[in-house]
Amino acid sequence: MDIQAREENGVAVLSLSGRLDLASGSQLKDEIKKYLEKNVTSIHLNLAKVEFINSSGLGSLVSIMKEIRLLKGRFTMSDLASYVREIFEITQLSHIFEIFATEEEALTSYQTPVTPS
Amino acid sequence: MNTVIDRIGDLLSQLQSPDYYEREEAVKELGTYSQDEAVAGLVIAMEDPDLGIRELAADFLSQLSGPTAVQLLIRFLAHDDIGTRNLASEILVKIGNDAVEPLIEHLTVDDHDVRKFICDILGLIGDERAVDALCERLWDDNGNVVCSAAEALGEIGSPRAVTSLLAVYDKIDDVRLQAVEAIGKIGDPAALDALYQYMQSPDPMIKYAALEAIGTIGDARSVEKLTPVLTDADRLIAEVAMMAIIRISDRNQDKIDIDLPLNEFQEFLFDGIRNRNEEITRFTLKRLSHWFGSDVIRGLLDVVDFVDDDTLTEVTGILGQVGPSAGKLMTEKIKTGSTGLKLKLLDVIKQFVDESMAEELLPLVADPDPEVRQRVAHVLGIAGYDGAIDSLTNLTTDPIGHVRSAAYSALGWLCTESRADLLFTGLDDRYPDVRDAAMGALIVIGGRPVVEGFTRDLNHENPERQRLAVTALGWIGEYDVVRPLLSAINNPDPSIRRSAINSLTRIGQVDDLEPIVMALSDENSAVRKAAVTALLTLQGEEAIGEVRVLLEDEDVWVRYHTISTIGELGSRRYAEYILPYLDDEQDIIKIAAAKALAQLGNRSALPALERLRSEKNQDLAAAAELAVQQLGGKK
Numbered sequence: 004m005d006i007q008a009r010e011e012n013g014v015a016v017l018s019l020s021g022r023l024d025l026a027s028g029s030q031l032k033d034e035i036k037k038y039l040e041k042n043v044t045s046i047h048l049n050l051a052k053v054e055f056i057n058s059s060g061l062g063s064l065v066s067i068m069k070e071i072r073l074l075k076g077r078f079t080m081s082d083l084a085s086y087v088r089e090i091f092e093i094t095q096l097s098h099i100f101e102i103f104a105t106e107e108e109a110l111t112s113y114q115t116p117v118t119p120s
Numbered sequence: 135m136n137t138v139i140d141r142i143g144d145l146l147s148q149l150q151s152p153d154y155y156e157r158e159e160a161v162k163e164l165g166t167y168s169q170d171e172a173v174a175g176l177v178i179a180m181e182d183p184d185l186g187i188r189e190l191a192a193d194f195l196s197q198l199s200g201p202t203a204v205q206l207l208i209r210f211l212a213h214d215d216i217g218t219r220n221l222a223s224e225i226l227v228k229i230g231n232d233a234v235e236p237l238i239e240h241l242t243v244d245d246h247d248v249r250k251f252i253c254d255i256l257g258l259i260g261d262e263r264a265v266d267a268l269c270e271r272l273w274d275d276n277g278n279v280v281c282s283a284a285e286a287l288g289e290i291g292s293p294r295a296v297t298s299l300l301a302v303y304d305k306i307d308d309v310r311l312q313a314v315e316a317i318g319k320i321g322d323p324a325a326l327d328a329l330y331q332y333m334q335s336p337d338p339m340i341k342y343a344a345l346e347a348i349g350t351i352g353d354a355r356s357v358e359k360l361t362p363v364l365t366d367a368d369r370l371i372a373e374v375a376m377m378a379i380i381r382i383s384d385r386n387q388d389k390i391d392i393d394l395p396l397n398e399f400q401e402f403l404f405d406g407i408r409n410r411n412e413e414i415t416r417f418t419l420k421r422l423s424h425w426f427g428s429d430v431i432r433g434l435l436d437v438v439d440f441v442d443d444d445t446l447t448e449v450t451g452i453l454g455q456v457g458p459s460a461g462k463l464m465t466e467k468i469k470t471g472s473t474g475l476k477l478k479l480l481d482v483i484k485q486f487v488d489e490s491m492a493e494e495l496l497p498l499v500a501d502p503d504p505e506v507r508q509r510v511a512h513v514l515g516i517a518g519y520d521g522a523i524d525s526l527t528n529l530t531t532d533p534i535g536h537v538r539s540a541a542y543s544a545l546g547w548l549c550t551e552s553r554a555d556l557l558f559t560g561l562d563d564r565y566p567d568v569r570d571a572a573m574g575a576l577i578v579i580g581g582r583p584v585v586e587g588f589t590r591d592l593n594h595e596n597p598e599r600q601r602l603a604v605t606a607l608g609w610i611g612e613y614d615v616v617r618p619l620l621s622a623i624n625n626p627d628p629s630i631r632r633s634a635i636n637s638l639t640r641i642g643q644v645d646d647l648e649p650i651v652m653a654l655s656d657e658n659s660a661v662r663k664a665a666v667t668a669l670l671t672l673q674g675e676e677a678i679g680e681v682r683v684l685l686e687d688e689d690v691w692v693r694y695h696t697i698s699t700i701g702e703l704g705s706r707r708y709a710e711y712i713l714p715y716l717d718d719e720q721d722i723i724k725i726a727a728a729k730a731l732a733q734l735g736n737r738s739a740l741p742a743l744e745r746l747r748s749e750k751n752q753d754l755a756a757a758a759e760l761a762v763q764q765l766g767g768k769k
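Listed in order, the protein sequences are those of chains A and B. With this note's numbering as the guide, the letters of the first sequence map in order to residues 4 to 120. With this note's numbering as the guide, the letters of the second sequence map in order to residues 135 to 769.
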């Protein structure tokens, strides 16, 4: 799997392409860990080019989400192919992941100002 | 004409009848005439001993209007009976603009009560023509007339009256309150400097009215004048000042950029939300995104049961923004809130729920409302809280299917391999959505025990378990599911055979294609179609030798599918396999061939395709036309 990563307004944006399975899931976790270690806890995944995802890939996403939650961060996804959307529905993971139609919409949602007094 | 006048004369006599119904009939008929005599009759009926007759006459008079009616009605303003006076006033207000000029003419009559009534009526009519005459009445000898004139000017709302109102404020103590209130209603910024002075009045009523007036005028520059009043010792005055700021803020699209001691006004603001004051609600909610301490959140949580749905959505949105810092308060509130509130707050909490919040929420798994149990199951799963596993396990035996479904899903999200056996029992649930949820959970967990369990299920006595097994293995998609899926191609159920082939196609890493090749001759056409797709996807052009056999399949749809799938390979050398089908006896096959040839990009098909453009079957002609265009043929 290929991972193109960039940072935009404090959000790590990772665009994945290829198969998300055991090996690539682990690669993805390592990549995200690098950001979390830098205190970048807003992570967005663009899944437009993910052509296959299996049980291990789903498990990786769940585990990434848990880790980000522990750090009070935020984890979003966008551009799900119909195949990925279908497995998210079957597993009801669509209830727990914050999913946007497009990357632009997702990144805009990070701009809502919250400034505790 | 005389006949009409005679008739009206008779009706006037009838008005004196002791019989109620005769008088009522007379009034009704008089109401159909426009002659002054008839109007006079209706006016006489205004003194009828019976209220019903009086009201009927009043109703006709208000419809007739006209100068005679107005003049006669004005006379009734001096009537001894207060009921008649009020009725006359009411009709004059209904007559409205037509009554204004005659009323103005009577504003200087000797009877001060009549002058007062006329001021009141002119105020209610609200016609600006009365402004000058009313301004003159501000200097009337009678205090009641002056107050009514000031009030009427406020009702009319013309800035022309402001100078006179300010002048009368300075000269006559008794009218000050009405003058300030009128200035407020008029809303002319020219009065602001005076109002800032009145705001300093030792009389709390004047102070109150001035603050309200400043708020109504809505000028943003007033905020700095109002801010010091927020600390007034008189709480009521401070709250009116806050309300004025809120109004100004609302009027200026909330562009007031000034620090306000909002904490001091929490009770006032939350009371305003509770009482559905829209200005206060808008103002408060807008500030909550950057004004939240625990007291504020607690106050907000206390009012959410009182707001409408739109506001509740806004409130929950804000709570979501506030996030984890409000989590503990929300979990406290949720335990005692209404069902609606619980559901809303669970939706909010799920955005940031952590293990400690999840622990607080555990008692909700026993909530009497199934929707709450369902939602809390989701939230516990989202929290990733292992301490919820036992509670979620209990929910898998809930009497409500949706709750069981949510519990299974949540257990899957918790990735608890240790509960795989329990999840497998969910596959026997009587409801399909629960079975699917259990299957989904097992897919997320994956791993060897789950794959082994589903592999066993491929031979389960229950066909539904077989169906779920083949679907799940396909989605689990690990290498060790390939062998079981290949074996499932021999399953007696064609839907399972097809599903197994589709899953293998998706997984894409199949080293033994023999079972799929065998499926090309399956007795079921859907299986054969799946096999065509699988082989061409997995092997590409290597599979063409086996697959092309199905171009002669007995089932037209298998032939159609095979042609289409070969077309998707996009390699022009396979055009020779497809070309003969442009002459097939079935149009649907010709259409598939036309489309495939266009995809394969072989121009040798052009002559045959150009010929097909003149076919009677429009679908076929259109497919041929499109193919010709794609191949760059003649237009």
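Quick caveat, the hints were computed from the structure, so don't treat them as lab data. Watch out, some of these pointers could steer you wrong.
Claimed, not checked - Simulated pairs of lysine to any residue, SDA-like, Cα-Cα distance not exceeding 25 Å:
(1) 359/B <-> 408/B
(2) 462/B <-> 76/A
(3) 484/B <-> 73/A
Claimed, not checked - Sample of chain B residues facing chain A (criterion: CB under 10 Å; computed from the structure):
(4) 154
(5) 258
(6) 504
(7) 518
(8) 543
(9) 546
(10) 641
Source: prediction; values computed, not measured. Beta carbons: idealized from backbone N, C-alpha and C, even for Gly.
Discussion item. Can you confirm whether the C-alpha distance between residue 484/B and residue 73/A stays at or below 25 Å?
Written reply: Judged against 25 Å, a Cα distance of about 13 Å means the pair holds.
Item to complete: Please verify that hint: residue 543/B, Cβ, nearest Cβ of chain A, below 10 Å or not.
Response: holds, 4 Å
Worksheet item: Quick one, are residue 359/B and residue 408/B close enough, alpha carbons at most 25 Å?
Response: violated, 28 Å
Item to complete: Grab the minimum C-beta distance from residue 258/B to chain A and call the hint holds if it beats 10 Å, violated otherwise.
Response: violated, 48 Å
Worksheet item: Close enough to count: is the Cβ of residue 641/B nearer than 10 Å to one in chain A?
Response: holds, 8 Å
Discussion item. Restraint: residue 154/B near chain A, CB-CB cut 10 Å. Satisfied or not?
Written reply: Violated, because the Cβ-Cβ distance from residue 154/B to chain A comes to roughly 71 Å (cut-off 10 Å).
Worksheet item: For the hint on residue 518/B, does the least C-beta distance to chain A fall short of 10 Å?
Response: Check passed: Cβ of residue 518/B comes within 4 Å of chain A, closer than 10 Å.
Practice prompt. Please verify that hint: residue 504/B, Cβ, nearest Cβ of chain A, below 10 Å or not.
Written response: The hint is violated - residue 504/B has no Cβ within 10 Å of chain A, the shortest such distance being about 17 Å.
Discussion item. Just to be careful: measuring from the Cβ of residue 546/B to every Cβ in chain A, is the smallest value less than 10 Å?
Written reply: Status holds, d = 6 Å.
Worksheet item: Does the alpha-carbon distance linking residue 462/B and residue 76/A stay inside the 25 Å limit?
Response: Given pair residue 462/B, residue 76/A holds - Cα atoms ~18 Å apart, limit 25 Å.
Consistency with the previously given hints fails for numbers 1, 4, 5, 6, ordered from lowest to highest.
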